[in-house]
Every structure is written in structure tokens, then in C-alpha cells.
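Asks: Based on these hints, arrange chain B on the given structure of chain A.
Line by line, the protein sequences are chains A and B.
So that you can map any letter, position 13 of the first sequence is 13 in the numbering used here, and since no number is skipped, the others follow by simple counting.
So that you can map any letter, position 206 of the second sequence is 206 in the numbering used here, and since no number is skipped, the others follow by simple counting.
Heads up, some of the hints might be wrong.
Note that identical chains are pooled: a pair holds if it fits in a single copy or bridges any two copies.
In the DMTMM-like style, the derived pairs of lysine to aspartate or glutamate whose C-alpha atoms are separated by at most 25 Å in a straight line are [to be verified]:
1. LYS216 to GLU169
2. LYS198 to ASP79
3. LYS36 to ASP122
4. LYS216 to ASP170
5. LYS247 to GLU112
6. LYS36 to GLU169
Rather than coming from a laboratory, the hints here were simulated on the basis of the structure.
Protein chains: 2
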Amino acid sequence: MNYVKAFAPATVANVACGFDIFGFAIQEPGDIVEIKRKDEPGIVIADITGDAGRLPRAAEKNAVTVVMLHLLKHLGISDFGCEVILHKNMPLGSGMGSSAASAVAGVVALNELLDNPLSRQDLLRFAMEGERIASGSAHADNVGPSLLGGFVVIRSYNPLDIFSIPVPEDLYCTLVHPDIEINTKDARYILRNEVSLKNAITQMGNVAGLVAGIMKSDYDLISRSMVDVIIEPVRSILIPEFNEVKKAAISAGALGCSISGAGPSMFALSRGVDTAWQVGSIMTETFRQAGIEANMHISGINQGGALILEKS
Amino acid sequence: MNYVKAFAPATVANVACGFDIFGFAIQEPGDIVEIKRKDEPGIVIADITGDAGRLPRAAEKNAVTVVMLHLLKHLGISDFGCEVILHKNMPLGSGMGSSAASAVAGVVALNELLDNPLSRQDLLRFAMEGERIASGSAHADNVGPSLLGGFVVIRSYNPLDIFSIPVPEDLYCTLVHPDIEINTKDARYILRNEVSLKNAITQMGNVAGLVAGIMKSDYDLISRSMVDVIIEPVRSILIPEFNEVKKAAISAGALGCSISGAGPSMFALSRGVDTAWQVGSIMTETFRQAGIEANMHISGINQGGALILEKS
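Here chain A stands alone, though its shape is the one from the complex:
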């Protein structure tokens, strides 16, 4: 095999109450990585599209190639060479798991080119290294669902313990990206290091409720559990119109609405695709009325995660 083209989907991390422990993938958009074997050893970035020239072109500085270098090192392969093309199909710093999608597409493509020496589950920690470079923290709530699909729970980081739970069929995500940018490092920096025991208990109740609601297909319980008393009150300050947009989403029938990852994207979950569209319309309209351009993606929960699109 000399050529592989892989796709890894955008993801919604945290999912209201589950900071650093919940995430799910959507169908689209997603990043695409093409890798082509070359004779000389070493990984070279041949091209990046869609980033307006903002991502580093040096292989040892770009998340997508750093994860590949980690993987090669782990496998003890020193004589491998390839050219990499990265197609960014989502904005940087958007809260849609942009860096995770690139890193996941990268490791999945390389693993395929090498004839799959590692399982998807095993690839996780390499993809997480990409997150460390992009955001300063090797969190798994974007790379996990982008790689594995489904609604993912990260029970533990050390040791890494991650699993998926079955998702109700009629659950749809509305992802709205307002045209402003937040740096994930900043979004982590403003969080307090301590939370009140009272808030921790409230959050734990909602975490338990969201897992049970999803597993029981109990949409009311999902709705009641999409409450974040720890992160959202702090981070939402960085998103203009957050409260208005959230209120609009709920009024249009969303089960819940919160920040996607570190923001500024916002997501809503709805029962049924029609409601998800209506929710998206009113959310984008609310941003636009405040002079902020916004676009939306409507999608079921992506059950499969990253995909190989082509190989030869």
C-alpha cells in the first residue's frame, strides 16, 4: 500500500455536564488526511488546505504529523517516509474538535498504510499527544469519539479507560459555529482549580442522569441532565450572546444546549431531525441579529468514527 486517505469527524466534547469525560462525534464536517509513501525516510507536510496558512508546516510542530512520529517511534520504525496532505474542513479554535480530527485522521491513515499494527483503541493515546500539542492538555473527549464513534465516556485518564454507550436513534445534534475564535488554552486557563462540594454533587447527579438517560432513551431525563454548573458559567462569558442563543434553542424545542468543547461553538441536542433544524435556524439567527455570522451543522450521532476513504 502506498496511499491512504482518511476522514475523522468533528466532535462535541463535554456535552454540558461531562467536562473532560463526555464526547460524541457528528457525521460532518471532518478533516481529511492523505498520506503517500516516499522512498526517503521522514515525514513531510506537502500541503495543508483550509487553514488560511495558519497551521505550522514543520512536521515536528504540527499535531497531525507529531502523532504520526509518535506512532512510528512506538513501532520502532525508523526508515519510513511519507508525504502528508491535510484538508482542514472546520475552523481552528472552534470548539468542534478541530485539532483532534486532524490528529485522528493522521494516525488512522498511517496505521492503515502500515497494515493496521494497532487497534483503534490502541491508537487513542497517540492521537491524544496531538491534543497535548494543540491545547496543552492531552484530553481524550474529542479524540476518543472522533476515533471510535458513538457517545464516549472517559472514566479515567490514568490508566486510560474509555468506553462507548448506545445512543437513542432519534437523537440529533445541532452544532452552531459563530465567527469568533477562542484559544483552547485560554478557555482552560480561566477555569477555577477548585469547585464547591455542592456543585460537584450537582454535576455528578447530572452526569449520572445523562448516562442513564442516553442508555434508556429517556429524552426527558437527557434534557433534565444537560445542566453544567461548573464550566459553562465561566466559559460562557467568552461567547457573546451565549444566554440568548441558549434560550432560543430551548424555546425551539431543544433538549438542552451548551458550549461545544471549549467553545465558541455551541451545540444542542434534540429529539428528531426536524427539531434539530429548527433549533439550528433560531440559534444562527440569534447570533446574526447581534451582528455575529454563524453557520450550523445538523447530524445524528456518528456511530463509526474515523473512516478510510481511499487506499491504493
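Replies: Chain B alone, transformed into the frame defined by chain A:
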């Protein structure tokens, strides 16, 4: 109807990671309340057995009758009179939900005598008032499972939102009570009001894992999730031999072991009744080797909660 005799089971609250939000009932022991209608209005405690004279005999001071007075007031009944006999079948301040069992048996008996004007779910907040009197905090993680049965999740206290999740058939509880006493108010007092965000995230991961593990009958996941980084490290200091007893339980095959409620009782969960017995033997033996008398109860998860034993 002039006479009702009701039973309410002991309960394990918190269940390792779920402080104030998880609880389950066991089959035995449990408290029994008998109430007999009398002509003159007013509630009188005729007798209490098994408490060695320690519980208050005045109706307005004892949790079991206070919850009845609350219920009567709510129903607008002022001319009702009854005699109450409370049989305490578990030690006070044991961490087995002793006060909750009494309060639950009380409201269930009275509701039955009045021909069930309220549902079980509706009785919950009256039983919680008993907890406020007994421990200074109207928590629901003992009264909830004692009243409703099953593995109970309290998603929210305000508004009260409580539900059960299905439990694996082969899950057994070992409850070991060492002959020492802890006051629940003290056990709450020593807790810190703040927790680190890091520990809150770890705990949330375990909460999510325990709910998913129980709902999927995934015993390994249950085992990995029975970790409490917030409460157990503080409260276990009040229990002599805690670490040794826990280690012994795990070595005998328990899925996990922690403090039952506020302690000093300790519980373990095991797959299969035989393992649960072996775990109990080694736990009590470990206490005894340190000079602490201990007794144990082995039980499946009680799915039904409180019971009417007799009426006439």
C-alpha cells in the same frame, strides 16, 4: 383499616463514588413500624424496641413520628390519632440508613392506613424530613432506595429528581458493621467544602462508569468505577482498620469496597453470592483481629423497597 405493620430495609448510600446521589437497598435487616388507630387525635409513641432507650419518645422529636406529622399536615388531617411502635433492627449511627429505614416505614405505614392518598414517589419528601432531623441534612440517598427499592440515582435535590436503574442479577452486597459508632453530623462536618477540579473530574468519570457498568451488567466496569477520591479519603480516617478491611475484601474477590453512607459500616459489591460470603468473612475477621467486633449481612439488591407486612 385500624392497624398497619410496615417494613423498610437498610440501605447503602453513596456507593463509593456517588456521594449524596447513589444508594441501594438490601433485603435485611430493616426497621418495622406498627401503627394502630386510636380515637383521640394525636400521634403517640407507645414503644420502641432495639434502641436501648436512646431514641426520643416524644412524637415531635422522633424522626419516625415527625415524618407522620408532616404527612398529616400536608393532607390537612387534624383529627387523626394513632399509637406507634418502632422496632429498630439495626444499630443507630451505623451507616446502614437506620434513621431512613424508620422514617420510611413510618410514612409508608401511615399512608397505607389512610388508604394510600400519596404515591411512593410522593412520600419521598416526607421521609427526607426525617433525615433532616436525624442528620441535619435532608439527603435522599438512604430514604430513596429504602422507599423505592433498586439502585437509586438522585439527579437533583432542587427540584427533587430521582430514578432507579436496573441492576445485574448476580450483584450481591456484603455489609459489615463494626461495633463502633460515628455520628452522621460529625461525618458531614469533617468534609471539605471545596474539591479540586481534577478530583471532581475523576469522580464524575467514576459516576458515569458505575451507572453504565450497572446498566450494562459489566462487572469489570463496575469494579473499575468503585473509586471515591473525594469522600472516602477523609471519612475513612474515622474507621479503624479501614484500609486493611478494604484490602482484604478486594483480595477475596470483591468488585469494590467502600464506606456505607457516613460509616462506620463498610460495604462491598461482589459477583455471586458465594464471593459475597467469602468477602464478608474476611472483612469481619480483619476487624476482629484488631479487636473490633463486627457482624455482616449478605444480600442481593432489594428491588421492591418498603413493604406492608400486615394490615387489618
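Asks: Take the hints in turn and mark each one as holding or not.
Replies: Hints versus structure:
Taking the shortest Cα distances, LYS216 and GLU169 sit within 25 Å of each other both inside one copy (11 Å) and across copies (18 Å). Proximity of LYS198 to ASP79 under the C-alpha cut-off of 25 Å is found in neither arrangement, the shortest distances being 55 Å within a copy and 41 Å between copies. For a Cα distance limit of 25 Å, the shortest separation of LYS36 from ASP122 inside one copy, 23 Å, qualifies, whereas the shortest one across copies, 66 Å, does not. Proximity of LYS216 to ASP170 under the C-alpha cut-off of 25 Å is found in both arrangements, the shortest distances being 13 Å within a copy and 21 Å between copies.
When the C-alpha separation of LYS247 and GLU112 is checked against a cutoff of 25 Å, the pair qualifies neither within a copy, at 44 Å, nor between copies, at 44 Å. Taking the closest pair of Cα atoms, LYS36 and GLU169 never come within 25 Å of each other, the shortest separation being 38 Å inside a single copy and 53 Å across copies.
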